[in-house]
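Residue strings, one per chain:
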Amino acid sequence: MLEQETNPTISKSTGLPRKRFYRARAHSNPLNIGCGFGGLLISLSTLFPEVLMIGMELRDKVTEYVKERILALRVSNPGQYQNISVVRTNSMKYIPNYFEKGQLTKMFFLFPDPHFKEKNHRRRVISPHLLDEYAYVLGVGGIIYTITDVEELGDWMRSCLENHPMFEALTKEELEADPVVKLLSSATEEGQKVARNGGQTFQAVFRRIVPTS
Amino acid sequence: MEEKQIEEKETNRNVEVAPALIAVHPNQNSVAVAIGSDLRVYDLLGDCAVSLPDDSSPPFHKDSIRAIRYGANGKLFVSAGDDKVVKIWSAESWKCISAVCSEKRVSAVAISNDGQHVCFADKFGVVWVVDLRDINGNQAVVDKKAAPLLAHYCSIITSLEFSPDGQFIISADRDFKIRVTVFPKGPLDGAHEIQSFCLGHTEFVSCLDFVCTVDYPQGYLVSGSGDSTVRLWDIISGSLLDTCEVGAKDI
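Top to bottom, those sequences are chains A and B.
Letter by letter, the first sequence follows residues 1 to 213 in the working numbering.
Letter by letter, the second sequence follows residues 214 to 464 in the working numbering.
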């Protein structure tokens, strides 16, 4: 696991499908440190024990926190939580360094930084250009899950995905049938906080498709 | 002393001199040289200097030229740089046939092999494309609008190349990466399908080119880098085929 963290070149495929998480910098609130991250990663670990999952996080302290949390769970639950890990990286710059073409089956973008100023919109983790790279590492049929409590960002992410030729929206039936969708708001610390405060969340869940030429 | 330099930063950009650039016509009809904001062309067939009338607005480049190229079919020439104007010239009449405004300074340019599209990269890492299909050389200068084609997130693109068969556009950046993207039939809607990444350089990638042989006409990609290596790639798979160390060696 340490090797994976320090070696930025493409990791060899283990033959197991992988999921990948991205947690951008949440709109900064210093009181949030210690509120607990890695919620969804940890929930999914036991739900899909045969699938490898990795969390990618920009912040040192948060990465350390999640790492410690996973290590503690492995000790208290022998044999479990071996399929999840976290790495500190700028995934927006280095996604193709970590994953081969079509390697991922799912990607998660949970409560990312809204970057409200228009001149910073290009720094948003979901953007028309970055979707090209996510489409590259996601296998055909793979799914991208996004959730936010900021309506404007929710509209933006949905619009970027709708306009991208390599993604199509899941139908209402497909969303209801997917066990992971419910976890987006219930298993994440941010999602639970929003629910407690009676706020709304905005989801956009899309499938990677072959573009119609 | 330092304060004075900061105040004069806007007006005294010539403190840093842009590297001189040279480009050769594919049939060796002419040679073009860019020195600072000055563009000079020498006609090798006629053995004389070419004067470049520029009726576009603004005429001539006002700031350092950062990229110049001839198109593979020998009909077009492009110059662009810090004045944020991409100028497209006829490489036969040497008239400036089109000027395209860029939001940011331009770091690299490429012309599709069929001469129908010009691409340029700006300092934000966005590659733009211009459609030239409705231009003929006899028109007055046409101002064209560019559409975004693809982007390298927060990175400066150092080199742009079309593959010899025109199927792919290759972009290299300062973050050691080379991206191979399918160049679509309708590029104005963007190039979204990434074919591969050529990863392996350990420093900024400075230049790209293709070498074609009789046995392999689709060509191999060659790249140079700040890591003192030249590398050979298969662009379909992104595989590194060979590495050549060109750093100084102790004898």
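No lab work stands behind these hints, which were simulated from the structure alone.
Predicted, not measured: the structure shown is a model, and the values here were computed from it.
Some hints could be false.
[To be verified] Calculated pairs, PhoX-like style, for lysine-lysine (alpha carbon to alpha carbon, straight line, at most 25 Å):
(1) B:K336 with A:K93
(2) A:K117 with B:K275
(3) B:K308 with B:K358
(4) B:K317 with B:K336
(5) A:K119 with B:K317
(6) A:K117 with A:K101
(7) A:K93 with B:K288
(8) B:K398 with A:K119
(9) B:K358 with A:K119
(10) B:K308 with B:K275
(11) B:K358 with B:K275
(12) B:K297 with A:K119
(13) B:K358 with B:K297
(14) B:K317 with A:K117
(15) B:K398 with A:K101
Evaluation of the provided hints:
1. For the given pair, K336 of chain B sits about 16 Å from K93 of chain A by alpha-carbon distance, which is consistent with the 25 Å threshold.
2. For the hint pairing K117 of chain A with K275 of chain B, the CA-to-CA distance comes to about 31 Å; that exceeds 25 Å, so the pair is violated.
3. With a C-alpha separation of about 19 Å, the suggested pair K308 of chain B and K358 of chain B falls inside the 25 Å cut-off, and the hint holds.
4. In summary, the hint linking K317 of chain B to K336 of chain B is supported, as the alpha carbons are separated by about 6 Å, within the 25 Å threshold.
5. Taking the CA atoms of K119 of chain A and K317 of chain B, the gap is about 13 Å. The hint holds against a cut of 25 Å.
6. The suggested pairing of K117 of chain A with K101 of chain A is violated, with an alpha-carbon distance near 33 Å, which exceeds 25 Å.
7. Distance hint between K93 of chain A and K288 of chain B is unfulfilled; the C-alpha atoms sit about 37 Å from each other, more than 25 Å.
8. As the CA atoms of K398 of chain B and K119 of chain A are separated by approximately 31 Å, the hinted pair breaks the 25 Å bound.
9. Distance restraint check for K358 of chain B and K119 of chain A: the Cα-Cα separation of roughly 21 Å lies within the 25 Å cut-off, and the hinted pair is therefore satisfied.
10. This hinted pair checks out: K308 of chain B and K275 of chain B have alpha carbons roughly 18 Å apart, not beyond 25 Å.
11. Restraint check for K358 of chain B and K275 of chain B: satisfied, since their Cα atoms lie roughly 20 Å apart, inside the 25 Å limit.
12. Distance hint between K297 of chain B and K119 of chain A is fulfilled; the C-alpha atoms sit about 19 Å from each other, no more than 25 Å.
13. Distance restraint check for K358 of chain B and K297 of chain B: the Cα-Cα separation of roughly 13 Å lies within the 25 Å cut-off, and the hinted pair is therefore satisfied.
14. With a C-alpha separation of about 19 Å, the suggested pairing of K317 of chain B with K117 of chain A holds against the 25 Å cut-off.
15. For a cut-off of 25 Å, the pair hint linking K398 of chain B to K101 of chain A stands: about 23 Å separates their Cα positions.
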